[in-house]
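If you follow the hints, you should be able to join the two separate chains into one complex; please do so.
Chains as they are written, first to last, in numbering that gives the first Met the number 0: chain C, 0 to 270; chain H, 0 to 213.
Where hints are given, some of them may not hold.
Derived coverage of chain H by chain C (criterion: at least 3 residues anywhere in the stretch with Cβ under 8 Å from a Cβ of chain C; other residues may be distant) [to be verified]:
1) 37–46
2) 82–93
3) 148–158
Think of the hints as simulated: they come from the structure by calculation, not from any bench. We treat Cβ as the ideally placed atom computed from N, Cα and C, and that holds for glycine.
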Amino acid sequence: MSLIRIEHVDKSYASRHGTISIMQDVSFTVKDSDFLAIVGPSGCGKSTLLRLIQGLDRPSAGRIYFQDRPVDRVCKKMAMVFQSFALYPWLTVSQNVAFGLEALGWPEERIGPQVERYVSVTGLDGFQEAFPRELSGGMRQRVGLARALAVEPAVLLMDEPFSALDPLTAENLREEVLQLWRDPQLPPDAVLLVSHNIEEAIELADRVIVLSRRPGHILAEVEVTLPRPRDRKSAAFYELTDRVYSLITAGGQSLATAPAPEGAGRSGEAL
Amino acid sequence: MSPERSVPTTYPKCNPTEMLGLLVLLNSHKGSEDVALLADDLDLEIDEILPSLEYAEVLQLVKVTEGRATFTDLGKRLVQGTIRDRKGIIREQLRRTTLFRTLLRALDNSPDHCLSDEQLGQIVSFTTAPADEAVQNIVNWGRYADLFRYDAGQHRLVAVLTPASGRTGGNRPPPTGGPTSRGGGPVTEPRSARGRPASETTEPPPSGVVPVLA
Chain C
0 MSLIRIEHVD KSYASRHGTI SIMQDVSFTV KDSDFLAIVG PSGCGKSTLL RLIQGLDRPS
60 AGRIYFQDRP VDRVCKKMAM VFQSFALYPW LTVSQNVAFG LEALGWPEER IGPQVERYVS
120 VTGLDGFQEA FPRELSGGMR QRVGLARALA VEPAVLLMDE PFSALDPLTA ENLREEVLQL
180 WRDPQLPPDA VLLVSHNIEE AIELADRVIV LSRRPGHILA EVEVTLPRPR DRKSAAFYEL
240 TDRVYSLITA GGQSLATAPA PEGAGRSGEA L
Chain H
0 MSPERSVPTT YPKCNPTEML GLLVLLNSHK GSEDVALLAD DLDLEIDEIL PSLEYAEVLQ
60 LVKVTEGRAT FTDLGKRLVQ GTIRDRKGII REQLRRTTLF RTLLRALDNS PDHCLSDEQL
120 GQIVSFTTAP ADEAVQNIVN WGRYADLFRY DAGQHRLVAV LTPASGRTGG NRPPPTGGPT
180 SRGGGPVTEP RSARGRPASE TTEPPPSGVV PVLA
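So that you can see chain H by itself, here it is in the shape it has in the complex (with noise of 0.2 Å):
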């Protein structure tokens, strides 16, 4: 896409409970251990459990160096932790990554506070991954650390409500009835051609397609 919209950014290739997976194990081997043998204790090959050992990294969860993964501080934190303890350690550092910045600031800006998956996409087209794939991961990773919510019936993000915004945001999308108008948000640029292939999912729900989420 366009130069100005090469956002720097690393989104997740991986879903929550992969990453954490891979957390526990690490933890199972002392907290440090050789990727490979990381690996084979699941009878996986590397690009298996890669997705998420880099999205542990982005998250400054694990450091990897000369193919040995070691907990950071904060990620032996997290894997001591209760399951709740985890979530909010995962909820603030995604919270630093720019992609998530950008997309709580894009939910801030809209004046209903929603993101269609077309608006979305735009954000995170500058990644050279399928666009679909992209979206499902933000937004799975984004409702687990309740950053915001997801609409299935509208494709759309809704903002979760903060103390400090002060705003309704929409925290609770209105139930749907059938097939409607792309929430309202201020579509700025033109729509990207890319729509969601109905292959996503095996059944069909009755008001379009549904992401499954991976």
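Bound conformation, chain C alone (with noise of 0.2 Å):
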């Protein structure tokens, strides 16, 4: 069954030097229990494109379905997790959990059990009552990840949650996040990773869709088939690596005033 659809989506925004186009004619859809990754260079709307489809934000152009309902408000059944971790600092980690579910207006007795279920799940037993500030960034991404699953969305949005950490510690929260989703106790039913890693996005995703530069337009999408834990130096991973990397490339050379790549990163495997 389709969980979300996304259909013909433009969305521009007006300025002094004219309208500016972010993305022209988006369209996909997200299964029950995908992992769907979106990647694409700078600038080519991957951030927005949650925001509009958790309803943060209104597209100019097209329409956007949850279980076939149309999002025009914010979607209570989707949570985010951001590069940013976005806690707040002068809240414990059990507090930090406790405020989307407060937020939702969730009855109190229910929010402490609530809490600490999604404190043990994502590994934070022990931190309950430490501060944001106490803590190293994989725990505080965690805090990130408790607070989103404890609303228990069906769908995880996830806008570059590893970026902001070391590499060991984004190893490790990669695969947790695995982990929960494919755990049929757990929400969430969907994750749609939003990332500037194609690397990390192939590791991750059953189903990568490829962003052109801005105005973003869906370039491809590519199935990922390759057995989990997936080995990164194998042929078939550097083959899919090579693909996507390709189709971004060559998708920006069809813009003539397109610019350079931005921080093409290690190995040319990162935008």
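Pasting the structure below:
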């Protein structure tokens, strides 16, 4: 069953220099139990797309449906994890996790047990009373994850969640997110990950949607059927990475005025 | 320090999520790999993964022979487990280390079941590493494994209630209001002059300096 349908979505902003088109005619579907990644160069509208899907912003044209109903306000069945963790520094770990539940109007007596459950499944036991400043980046992002999962979302939206972490910590958290997604006892049903890192997308996702430079449009949808855990040094993995990378660079060349890729990262695999 | 303080031990020079990351990485290499290739996979230098590798060896999760890291049976079990299973295994392995055994005994023997940063610093002062980094890592691991709590307001470790000890041990540290005296623990030796540098954190919290736990 399709969980989310994105149909011919355009997004543009008015500016002093006229209308700036962020994305054009984006259409795809997110199915139950999908792990979908969206990759593309900086400024292609990846993060904007997540905001549109959650209902934090409206498309300029086209429609977005969640469980066959149009998304016309903030969807409570989705939760977001941010690159910057976005924790409240004056609240403890438990209070940060409780925050979303309080905002949704959960009855007080159910909040405590729910917080405990999600503190525990994300490995935060022992840190309940800590403040964000006492935590390492990895632990902070676990709080972000616990807070998102505690509202039991059908869809977990992740906006560059591993980009601010050191490589070993990111490796660990990527695997833990996969573990949580695969556990049928736990939310979410589907994960939508935005990343500028092609390797990361291929390591995690079942499908990778490749966006072009601005205005972002879909260049391809790439299926990833490699068994997990995925070996980044395997020939099949290389081949997929190359394919996605070529798609993006070729997509860029078709736009005469497109600037050179920004911040081309390690071995050209990250954009 | 004095010879009788030279407790043989290795303290963690990484934090738990880093070491777990290394184990996850090794698992994606089918459980055995050349250390240099492991580092290379994440575009890291070998010395960037050594602290995690070293502590994984201390916890008997990995064996390194001739430059090749391989899971022990316990290490294999850990990576196959859930997030909670992993925590349980690490908790048990930490309890076996001289360092954490010493700390838990000291917490148990302290009348209020607390240890100030200075007391903790004295226990780890036999190491050659900067004591602040050592303290931060130890606190982080102990907290992660739920072996003790940490009261950042009063800079002290607080024992976790265990059914075996039958003591309350101040399981939940009381809220702190402004600068207070150290938790009244038995300071049997002169306090170390080695203070916690203010540069540890960029945003000065209201009641003293809170360590940024690496």
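Do the hints match the structure? See the list:
Residues of the segment 37–46 of chain H lying with their CB closer than 8 Å to a CB of chain C number 4, which satisfies the three-residue condition for coverage. With a cut-off of 8 Å between beta carbons, the segment 82–93 of chain H has 4 residues touching chain C; three or more are needed, and the interface restraint holds. Counting residues of the segment 148–158 of chain H whose beta carbon lies closer than 8 Å to any beta carbon of chain C gives 3, which reaches the threshold of three, so the coverage claim holds.
The structure agrees with every numbered hint stated previously.
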